[in-house]
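A.B. asks: So you can see what is in the structure, the chains are spelled out below.
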Amino acid sequence: MIKIENVRKSFGELEVLKGINLDVEQGEVLSIIGGSGSGKSTLLYCINAIENIQGGKIFVDGIDVHNKATNKDQLRQKLGMVFQQWNSFPHLTVLENVALAPQIVKKMSKEEAIEIAQKELKHVGLGDKFDMYPTKMSGGQQQRLAIARALAMRPDYMLFDEVTSALDPELVGEVLDTLRILREEGMTMICVTHEIAFAREVSDQVAFFHKGVIEEMGPPEQVISNPQKETTQAFLSKVLS
Amino acid sequence: MGSLFTPLSWSDTGFILTGVWNTILISGLSIFVGSVLGVIVGFARAESNKYVNFLFGSVLDVLRSVPLIIQLVLFSTFMGVMGSPLPPFVAGTIILSLYTMAFMAEVFRGGFESVNNSMIIAGRSLGMTYWQTIRHVRFPIGLRSVFPAWLGVALSVIKDSALVSVIGYVELLRTSDQLISRTQQPLEILIGVGLFYFLISYPLSVYGRRIERKHAL
Numbered sequence: 001m002i003k004i005e006n007v008r009k010s011f012g013e014l015e016v017l018k019g020i021n022l023d024v025e026q027g028e029v030l031s032i033i034g035g036s037g038s039g040k041s042t043l044l045y046c047i048n049a050i051e052n053i054q055g056g057k058i059f060v061d062g063i064d065v066h067n068k069a070t071n072k073d074q075l076r077q078k079l080g081m082v083f084q085q086w087n088s089f090p091h092l093t094v095l096e097n098v099a100l101a102p103q104i105v106k107k108m109s110k111e112e113a114i115e116i117a118q119k120e121l122k123h124v125g126l127g128d129k130f131d132m133y134p135t136k137m138s139g140g141q142q143q144r145l146a147i148a149r150a151l152a153m154r155p156d157y158m159l160f161d162e163v164t165s166a167l168d169p170e171l172v173g174e175v176l177d178t179l180r181i182l183r184e185e186g187m188t189m190i191c192v193t194h195e196i197a198f199a200r201e202v203s204d205q206v207a208f209f210h211k212g213v214i215e216e217m218g219p220p221e222q223v224i225s226n227p228q229k230e231t232t233q234a235f236l237s238k239v240l241s
Numbered sequence: 001m002g003s004l005f006t007p008l009s010w011s012d013t014g015f016i017l018t019g020v021w022n023t024i025l026i027s028g029l030s031i032f033v034g035s036v037l038g039v040i041v042g043f044a045r046a047e048s049n050k051y052v053n054f055l056f057g058s059v060l061d062v063l064r065s066v067p068l069i070i071q072l073v074l075f076s077t078f079m080g081v082m083g084s085p086l087p088p089f090v091a092g093t094i095i096l097s098l099y100t101m102a103f104m105a106e107v108f109r110g111g112f113e114s115v116n117n118s119m120i121i122a123g124r125s126l127g128m129t130y131w132q133t134i135r136h137v138r139f140p141i142g143l144r145s146v147f148p149a150w151l152g153v154a155l156s157v158i159k160d161s162a163l164v165s166v167i168g169y170v171e172l173l174r175t176s177d178q179l180i181s182r183t184q185q186p187l188e189i190l191i192g193v194g195l196f197y198f199l200i201s202y203p204l205s206v207y208g209r210r211i212e213r214k215h216a217l
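In order, the protein sequence lines correspond to chains A and B.
Using the numbering used here, the first residue of the first sequence is number 1, and each one after it goes up by one.
Using the numbering used here, the first residue of the second sequence is number 1, and each one after it goes up by one.
Hints were generated in silico from the structure; no laboratory data involved.
Built from N, CA and C at the ideal position, the CB exists for glycine as well.
There's no promise every hint is true.
As the list claims (entries may be wrong) - Not everything, but these chain B residues come out facing chain A in the computed CB check (under 7 Å): (1) 57; (2) 117; (3) 120; (4) 129.
Claimed, not checked - Every beta carbon over 12 Å from chain A, so not counted as near; a handful from chain B, in silico: (5) 17; (6) 110; (7) 128; (8) 139.
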């Protein structure tokens with residue numbers, strides 16, 4: 001379970017998260033929507049300790065993420081993360097991209113790591129691309145590679161940061177399909193997304209972020225289909241028009 | 001009465017080949033040492049704050065701006081005056097290595113800085129430690145991207161190694177100088193020596209092109 005208690009985060013003078021509270025249960029999918037600058041991506045970075053926080057607490061399976069004594073490298077193995085930019089390693093083949101972290105972080109043997117890498121690449125539909133270099137692939141394929149790379153670490157949670165925002169429209173579908181597969185398999189996920197229809201379809205909860213606070217949160221039927229707050233209504237009418 | 005000068009003959013081959021070998025030796029060693037130091041200093045520059053960088057930058061600027069020939073003469077003379085003169089090969093290798101390092105450091109710094117930080121964050125998010133991302137992400141990507149520039153510096157070091165002759169190291173140019181004084185056949189000898197420099201550098205440049213193609217840099 002991921003538990004976020006009154007989290008505050010500032011960049012210099014600018015406070016981007018102003019006391020966020022939310023819980024994500026095992027097997028649950030939470031989508032975070034909101035305008036740019038609302039703090040939604042920053043929250044993901046705080047959950048896996050890429051960014052520090054100025055107040056509050058974040059717990060992942062009871063581990064206090066921002067406690068000085070916490071081994072953050074170890075903690076991150078629980079949290080797979082996929083970014084807007086896919087960041088494939090250009091000097092490695094597709095298979096090596098996925099097999100690298102299991103080998104050097106989890107100290108698996110090369111054979112073991114490759115077996116897992118092959119399995120995860122097939123999982124995301126890249127079973128025929130093992131020996132390709134990622135620079136030769138489309139954005140959608142590279143993004144699925146990034147998902148396979150994160151899954152190969154066998155994380156308990158997946159964090160998706162606007163994973164379709166940098167893609168050409170015709171490539172968005174293949175990445176969302178991959179996320180749907182993970183959802184069906186029961187993966188716990190937090191998706192920061194602009195794909196409102198997708199969020200409505202797959203989420204157990206939707207949180208609408210506005211200026212660093214959660215304006216509205218609840219099941220998608222409520223937040224997306226029947227928003228109560230004016231700010232939520234205004235945002236949705238803008239993105240859905 | 002015999003002539004003061006004797007023409008070039010086959011018996012000079014051994015002498016010339018010693019010069020060729022000495023050139024290869026001192027350039028190879030300086031490129032190797034200069035590259036290793038260059039990677040370290042370049043990495044330190046890419047990672048450190050502006051004060052450390054200013055310090056490094058100033059030293060590198062001096063090494064890169066003062067003509068190599070002056071550095072060689074000053075260093076060699078200085079060591080002599082201090083009472084511990086160094087053999088020309090040692091003094092030459094030290095200065096040529098530092099000179100190479102000064103250029104390589106900037107080449108490598110550029111390479112390391114060209115690796116997008118988001119790539120490092122992606123590595124960290126997979127649970128890699130800082131040093132693991134350096135070793136498996138930043139170094140391999142950064143080093144590959146600067147390979148053509150590295151090769152350029154290496155090739156110019158081979159040619160610059162001719163300057164080590166001024167402190168008495170008998171490399172290819174010095175060899176030719178002595179032969180010219182004896183034979184008074186400058187044209188033939190200089191053409192031959194030029195050809196030897198070409199023969200030393202050309203395989204490296206061909207090899208470099210092949211690597212570039214292979215990795216599609």
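A.B. asks: Could you tell me which of the hints above the structure violates, numbers in ascending order?
C.D. replies: Violated hints (numbers, rising): 1, 2, 3, 7, 8; every other hint is consistent with the structure.
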